[in-house]
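Go by the hints and put chain B onto chain A.
From first to last, the protein sequence lines stand for chains A and B.
Using my numbering, you'd call the opening residue of the first sequence number 3 and step up by one each time.
Using my numbering, you'd call the opening residue of the second sequence number 16 and step up by one each time.
Worth flagging that the hints you see were computed from the coordinates, not collected in a lab.
All C-beta atoms, glycine included, are put in the ideal place defined by N, C-alpha and C.
Some clues are possibly wrong.
Partial list, derived from the structure: chain B residues whose beta carbon lies under 10 Å from chain A [as the list claims (entries may be wrong)]:
{"#": "1", "residue": "Gly26"}
{"#": "2", "residue": "Pro221"}
{"#": "3", "residue": "Tyr500"}
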Amino acid sequence: MSKFKSALLASAVSLSAGGVLSANVAQAEPLNVYTYDSFVSEWGPGPKLEAAFEAQCNCDVNFIAVDDGVSILNRLRVEGKKNKADIIMGLDDALMEETRATGLIAEHKVKLPELRAELNWQDKQFVPFDMGYFAFVYDADKIAEPVTSLRELINSDASVIYQDPRTSTPGQGLMMWVESVYGDESEAAWKQLSQHTVTVTKGWWEAYSMFLEGGADYVLSYTTSPAYHAVVEEKNNYKAAAFSEGHVAQVEVAAVLNTSKQPELAQQFLQFMVSPEAQEILPVTNWMLPVAKNTELPEVFGRLANVERIGFTSEEVAKQRKSWIREWRSAAAK
Amino acid sequence: MLVVALLVLTGNIAVSVLAFQGLIGFSGQGADLSIFSDAYFWGVLSFSVKQAVLSAVLSVMLAWPVARGLYFLPTLRGQQSFLRLCLLAFVMPTLVLITGLVVLFGRSGWLLPLLPDDWNLYGLHGILLAHIYLNMPFAIRMLRQQYNNIPDPAWRLALQLKLSHWQRFCYIELPVLRPVLVMLLGFVFILCFNSFAVVLALGGGPQATTLEVAIYQALKYDFNIPEALSFAWTQLIIAGGLFVVLYRKGSGGWLSVDLPDSHWRPLPGKWAGVAYRTGYGLVWVFLLLPLVSLVFQAARNDLLEFDYLALLQPILLSALLGIMAACLSVIIGYLLLLPVREARYRGMTRRQWLLEWLATHTLIAPAMVTSVGLYVLLLPQTDLDQYGLVLVVVLNTLAVVPFVVQQLRPRLLQYDAQYDQLVRNLKFSPLLRLQAELPYLRQVLINAFALGLLLAIGDVAVFAIFGHQDLITLPWLIYSYAGTYRMDEAAMASLVLLLMCAGLMKLFVVQKLPYKVKDKR
Chain A
3 MSKFKSALLA SAVSLSAGGV LSANVAQAEP LNVYTYDSFV SEWGPGPKLE
53 AAFEAQCNCD VNFIAVDDGV SILNRLRVEG KKNKADIIMG LDDALMEETR
103 ATGLIAEHKV KLPELRAELN WQDKQFVPFD MGYFAFVYDA DKIAEPVTSL
153 RELINSDASV IYQDPRTSTP GQGLMMWVES VYGDESEAAW KQLSQHTVTV
203 TKGWWEAYSM FLEGGADYVL SYTTSPAYHA VVEEKNNYKA AAFSEGHVAQ
253 VEVAAVLNTS KQPELAQQFL QFMVSPEAQE ILPVTNWMLP VAKNTELPEV
303 FGRLANVERI GFTSEEVAKQ RKSWIREWRS AAAK
Chain B
16 MLVVALLVLT GNIAVSVLAF QGLIGFSGQG ADLSIFSDAY FWGVLSFSVK
66 QAVLSAVLSV MLAWPVARGL YFLPTLRGQQ SFLRLCLLAF VMPTLVLITG
116 LVVLFGRSGW LLPLLPDDWN LYGLHGILLA HIYLNMPFAI RMLRQQYNNI
166 PDPAWRLALQ LKLSHWQRFC YIELPVLRPV LVMLLGFVFI LCFNSFAVVL
216 ALGGGPQATT LEVAIYQALK YDFNIPEALS FAWTQLIIAG GLFVVLYRKG
266 SGGWLSVDLP DSHWRPLPGK WAGVAYRTGY GLVWVFLLLP LVSLVFQAAR
316 NDLLEFDYLA LLQPILLSAL LGIMAACLSV IIGYLLLLPV REARYRGMTR
366 RQWLLEWLAT HTLIAPAMVT SVGLYVLLLP QTDLDQYGLV LVVVLNTLAV
416 VPFVVQQLRP RLLQYDAQYD QLVRNLKFSP LLRLQAELPY LRQVLINAFA
466 LGLLLAIGDV AVFAIFGHQD LITLPWLIYS YAGTYRMDEA AMASLVLLLM
516 CAGLMKLFVV QKLPYKVKDK R
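Isolated chain A (complex conformation) (with noise of 0.2 Å):
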């Protein structure tokens, strides 16, 4: 997720008025694409995608943002088949079982590259586009010795900002990690951490821009994140922590939803996304690492932490997301 301070100036304003403005028409129908926010904001990598596609497709590009991916599954729900989507960008592959489960999602039939080998990927509707690993991000100018562990860091005191897994893609792989690294006790934990919690912020934009208005010691956010502030604003005191216990995953994807007007369209809009071109896009505008090998990184991403994966599969995720959210939601409120 494209999450960086430069974003955070773009307008939220200026945001939605693109997206109405950028409907103006090239053609009848403009391809519509549901994804979060901060992916369209004008240091994300929404305009330099959507240029970049429709030199090649002669066709207008019309991306209509909500809150967080978790919201973009939330919305999917509520407008059923009355959706004004062709294609939804920017769910995880945790939430694919549940996103599959509204019957709205057709067969991608992207011929895939060769992908990182971590990815494993079998899918037949979802085509993932980037990755990367949460991690608690902090200031290094002030935490001297950061946490090693997430049981470090659930039992310091330290002050901690993160997202709502009930909207928000962070959130929910913060839970995750929760529940694979304390299982049956996680509860306790979650009762633990609402000691020195700041604040839930609905999505990962606000809790970003609250860190670095000095608003936590961490935030929840991605091993990448630091390279964001490296490249563009050249400075290298941000740094994820790299926890022993691994770090949970989260694969962003996209799909062609099955009421799409115009699915061929959808389908080439998904094979570019895994272009060579786009893949190098996508790192230094959504700061994730790419899906397919053999990218060209800046020298930076070389030197982020190296993190071991950890997490469940998209089934597990989905026959137990709703209890551990209840289990959260009741922890946290004490």
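Positioned in the frame of chain A, the structure of chain B alone reads:
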């Protein structure tokens, strides 16, 4: 005319019935009763109650000495402006205040160095601060007015009997104040219990959530309709129930004109005088600080480069929606009173009472409850994206109608008392009757309109449910700016909204009114 009025009344009731039908679970999804065994539910409920009790007690207890000071020291400087500021604090859109509070007390707030290390605006602290700011001024006005009801002879008698301070307090002040104190506590409790924007913006996640916000979250976060319904029912039963109890106890004149009074009262002692003046000064500072901070924060924008156009659409939309709701509510309010007047003319007291109750019945359900009911009902059948804004206007209108009715009623009945017989004898056509009435009603209609607009323009709760993602209102814009900590822009937008409301207040000649209980916080 009467036929139109009855149609409007039917429409008004129909919306409530529909919302109710939605609540019962029109689409086969009833309320989720398992929620009652969920610790989260009880956490939310107890937090709602806890913060509302604290807000009410603190607002009233802090207001009391100030109101007392205003009463005993009628020569305090700037008293008129102070009372007007109190009114502004009470009616101004919540998000303006929230921005001011974040600028002052937020994570990089100006006052942070003065605050304890573990200070956190997000959570109970922030919620209480905002609720006290919004309600204490209201309590000050109410209590001051009640003090003015103490008859002069009571003080003279106290002087003759050489009552001590404590005795005077117990035998003269307390009996006069007690009913108002109870009522104030109750009303502020309900306002804060129904609080939405404050808790949404300053709540710290599940630890600090009220029922009103939990309803919204169940619907918009989880898309869990059964759960939203359970929360909505709980909210309706508690807030609505309490409201009925309090509403029946009558109404006071909190918005009445700030009359300079010339009562006789004892002078306070030297130290008491100093204490009153200090308290008065402190409240001045407390009320002004968030507003002044907005000016400075807004000025941090590059004023020449600022994207004023970004504000234009939200300003226009807020104004448009607000004006529509206000106009509609004035027209509906007027029409709803026609059958009331007719019943009164015929001396049917019980029917009159029933009709009056029906005209103001939308006060009982919190905005979020009605919204959720309609949302659940309409979702399967309507494109809410397309018609959402229509519903924003409809629901805001209905929420404002009771205030309009309360404001128009006395004046209309007064008119009837003087001219009704004459008008009937002259057999005026309905149009002519209206023409005859209008000059008499002009000012009160303007007042009702201004009040309706003030209430509707700050709406966040209804917009949160039915709002449009591309066309947003000014309060919602402020919410999204403040949410992403873009305080400079948030302050600018807040300032604009504040100026709009201050302008409206000029239009609004304060007058006798019931409590403003339906709040859009």
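Hint-by-hint comparison with the structure:
no., hint, result
1, Gly26, "violated (27 Å)"
2, Pro221, "holds (4 Å)"
3, Tyr500, "holds (4 Å)"
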